[in-house]
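*Asks:* As a plain string of letters, each chain reads:
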Amino acid sequence: MLLTKLTGIARSEGDPRVIYKGPSSLTDADRLARALGWFSVGLGVVELVAAGRIARALGLEDKEGLIRAFGARELASAVPTLSVDKAPGLAARIGGDVLDLLTLSTALHRHNPKRSNAALATALVLGVTLLDLAAYAGVKAAHHRGSGSRRDYSGRTGLPRGAQASRGLARKDFKTPPDYRAEGTVAAALPAAAT
Amino acid sequence: MKALVWHGKEDIRCDTVSDPAIEDPRDAVIKVTSCAICGSDLHLFHNLVPAMLPGDIMGHETMGEVVEVGSAAKSKLKKGDRVVIPFTIQCGECDQCRRGNFSVCERTNRKKKLGDKAFGHATAGLFGYTHLTGGYPGGQAEYLRVPFADTTHIKVPDGISDEKLLFLSDILPTGWQAAVQADIQPGDTVAVWGCGPVGQMTIRSAVLLGAEQVIAIDHLPERLSMAAAAGAITINFDEESVVERLNELTGGKGPHKCIDAVGAESHVGVGQPDTLFDRAKQMLMMENDRPHVLREMIYVCRPAGVISIIGVYLGLIDKLPMGQAMNKGLTFRMAQAHVPRWTGDLLRRIEDGQIDPSFVITHKADLSQGPEMYAKFRDKADGCIKVMLQP
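Order-wise, the sequence lines are chains P and H.
Each residue of the first sequence is one higher than the last, beginning at 989 in the numbering used here.
Each residue of the second sequence is one higher than the last, beginning at 2 in the numbering used here.
Next comes chain H alone, as it looks inside the complex (with noise of 0.2 angstroms):
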């Protein structure tokens, strides 16, 4: 089969691969309809996480059509049945499945040492996302193994397009718990740093759940709009101070809520002198992420108000302001998205017509075109904002 195979940094090919085999009961294997370059792909694609291996198969946005199913999932899935796959693999039977904290379950991550190592305690295996989480291949390819099927699957109905339901195997359900995890009230003022795909879903999960103001902040011409489709007030930050600019549109207090939709790598500028030192760091391996959004978070932020983190962080940060963050009673709040957790919710919501997820796609291309598409969707150009591929 055709997979996106990762063989170092910059360096993404279409190669011909094995088929993937089904080596549990619990597994399946799912022809792939559609799949996604996620913005934390990008992360990967620029080696700084240091747990890819040359042949790791990309991709944790992927739905299709099971076309094989292991003996003890056959209780749940079928062969022909359509499903969009969480980017974590859960068992649904450890405690924090249990609790319905899906991305640290117990028992998913296969190279659970190496993840303990790094964490102090190992997380959920992941799709496609280096091998401190579990090195499982991903689904940017024909077709994807899927372990612990019988729990991690969303099956969904025909009848919807894939450019619908495609995102609830990640952005939609990350932005949604992004805005939940803000304790977002209705009156509240929340400010989202980013408007990345994730952003974007944020934006509208804020709206949705009746946010009074909510604010984008970006540089981008091209994401400043479409974050204002949905209504969001728009900050340029290359154009105008964002502290300032904050604290105009909240009578001087801040924002109630922050959410950090940006992650390891802020945008360097001279405009933002600290990512200039981070940067230099971070090529140097002496800090792995650029924290510019949470500094500047922290500092705006209403005292007693709601950090929410959604933006991937992948290690060291240095100069976070500890001080300011606890002397304002600051909650913060961070994880990766604990996919099922909203996306039966999320579905019935898409059905609704209450949300459709699909206007954020701005390139559609064969899964043969995906090399390209990464280096496309990183360098921003031609306005791409989020790449579907179809194999």
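Next up, chain P with everything else stripped away, as it sits in the complex (with noise of 0.2 angstroms):
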């Protein structure tokens, strides 16, 4: 609300004010995708600028380069996650979990001294997990176009004297104007078409 109050001095005395917020047309599937699509940009950021910290942290030193990847995508699956698409951006997402998984399950091995680390890591990431899917599915379950592929509106032809006897109705009583006409042709114009 004070945002909305804010802009108020880009508004002029007798304009509208907002005194009280109604519910939104975001669903709570919106939101989540949303907070999610930022989680990717911050944790992104985290994994291009400090990937030697966190490869040190997992046990994982000969895979810096790889966390720096996942750095730049994270940011990529970012993108469509906080537009308005953002059924493909929770699916690559879902694809990185696996990813990252995947590569945790390396650190988990018995001779790595950051293990417990890792076990961690790959709890929060199976978390993560969970609520990419939930937003998935919640996504798609509340943008799809349900049963409007069956609707018939063959009956509507807004011509109430009927398509064909309607052609050229108005032309009877219109002329374009002349700013949005090409009046005549070269032909009409040339000396031969004259005479």
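Since the hints were made in silico from the structure, they are not lab data.
One or more of the hints may lead you astray.
As the list claims (entries may be wrong) - Under 10 angstroms between C-beta atoms, here's a sample of chain H residues computed to sit facing chain P: (1) Ser19; (2) His47; (3) Ile58; (4) Ser162; (5) Gly232; (6) Ala281; (7) Asp380; (8) Ala382.
Glycine included, every Cβ here is placed at the ideal spot set by N, Cα and C.
Quick one: dock chain against chain with the hints and give me the complex.
*Replies:* Written out as structure tokens, the structure reads:
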């Protein structure tokens, strides 16, 4: 509400101002998708700038480059997730979660001194995966065409006299204005045509 | 009062807001009896125009009853008058208004400096359509203040339903202008891309103006069935090549006149690979619009033909085949509709039973259901083509 009030400076005295907000057109799934999109942005930036520290914390020192690539992937999936086409972004995130889990699984062996960190990260990724799946299912359910393709509007002519009888009807009393006309033809302007 | 208010991308709410008040002697306030959601409202719903502010009231297709009149508008309006409000606000006195170019009125954009920066020269004020066009509160509300009300209204008679009259505010004159500026002549083949509400009005206008063959292009069966009802030949671009089919229907020469009733948000699909690139660039804010239809029209239009653009474009587009357009000698005509230029004539045609614009309404709802109707209209769910709202 603070932002809405602040925008009042762009309005004139007689313009209506918001007093109470009503329910939003955004569904819970839309909001969850948006939150996951911003989470992707945050995680992506961290993975890009602190790939080395993450790799060492997980005992995956040889995978610093891969973690950086995952950061780029997170940013790439954030773009559609934050757009109106959320489903492809969420699908990309789910695919990314699988890659994350596969990578983390290589750090869960008993010889890894950072195994507990890797286990915690795996649990977190599993949790986020569940959220991604819920958001994907929710967005798909909320935004679908439903039975629309079965509707038939073939009786809606909008031309009370019928399509055929209406053809050219306006020509009887309407002339295209000169500013929308290319008057005449070149042939008509040629001397031969004039004779 | 209640109003549909923009709060951000995909976030429209039915809020309680303060009532509008008269600010200028030329203002009037109307009690809204009917309003509608326009396809171009979806560009704002998708936040593709970076000039909306949280708290902006949506809507530019509105009609109602005059309840308050400023002193300078009293010679033209009185309480109780039934009026349709054009989406363009016009002064009626500037050079452009005198020429009939009402959508580029020089005086009604109250944020002219912003408009000048964005467009080079500001265009007319519009209701509920960003601060680039004045930031005027829109008409998806119980009441609407109409600036320059003495010239920004269409008086309509009693005895004709709101359903038949409401679309004089926008989509009927918009569709009519799309056909008129295409300079349709008897014998012409006219191809119309997009069978949304404006496309549907364009198709009927083309028929009334005597086009021999009207070809409607879309991919939604319910929209194509509505187009076919007016006698149009339909092309489903999911099922067949638009270019091949148009050439087949025109003896290989292409349509004389091509009309874009789609604009900024062409359907994105694998069958139209350029739309995938455009969508990606749009997401990264590297391009404002997806001009697939423009590219296709330029490619398939008959040389020396006319391209009429009525679908709303927002800003920058990429990969426009200007070489094809120039070498083929195409004429481009485009504009936001100059609504009052056509409405007197169109009202007469409604009264005369030549056209009944109510055919396009597929959903009616209470204003409070507006937020969900925005989503339904955007998702094209439940066969939704046009939503009419009643406060």
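*Asks:* Does H:Ser19 pass the interface hint, meaning its C-beta sits closer than 10 angstroms to a C-beta of chain P?
*Replies:* holds, 5 angstroms
*Asks:* Given H:Gly232 as an interface hint, is its Cβ closer than 10 angstroms to any Cβ of chain P?
*Replies:* holds, 3 angstroms
*Asks:* Can you verify the interface hint for H:Asp380: is its Cβ closer than 10 angstroms to any Cβ in chain P?
*Replies:* Hint holds; H:Asp380 Cβ to chain P Cβ min 5 angstroms, cut 10 angstroms.
*Asks:* Return the status of the interface hint for H:Ala281: holds when the least beta-carbon distance to chain P is below 10 angstroms, violated otherwise.
*Replies:* Hint holds; H:Ala281 Cβ to chain P Cβ min 8 angstroms, cut 10 angstroms.
*Asks:* Using Cβ atoms only, decide whether H:Ile58 comes closer than 10 angstroms to chain P, and label the hint accordingly.
*Replies:* holds, 6 angstroms
*Asks:* Would the hint on H:Ser162 be counted as holding, given a Cβ-Cβ threshold of 10 angstroms to chain P?
*Replies:* violated, 14 angstroms
*Asks:* Once the shortest beta carbon distance from H:Ala382 to chain P is found, is it less than 10 angstroms?
*Replies:* Since the shortest Cβ distance to chain P is 5 angstroms, the answer is holds.
*Asks:* Would the hint on H:His47 be counted as holding, given a Cβ-Cβ threshold of 10 angstroms to chain P?
*Replies:* Holds, because the Cβ-Cβ distance from H:His47 to chain P comes to roughly 5 angstroms (cut-off 10 angstroms).
Going through the hint list in order, the structure does not satisfy hint 4, though it satisfies all others.
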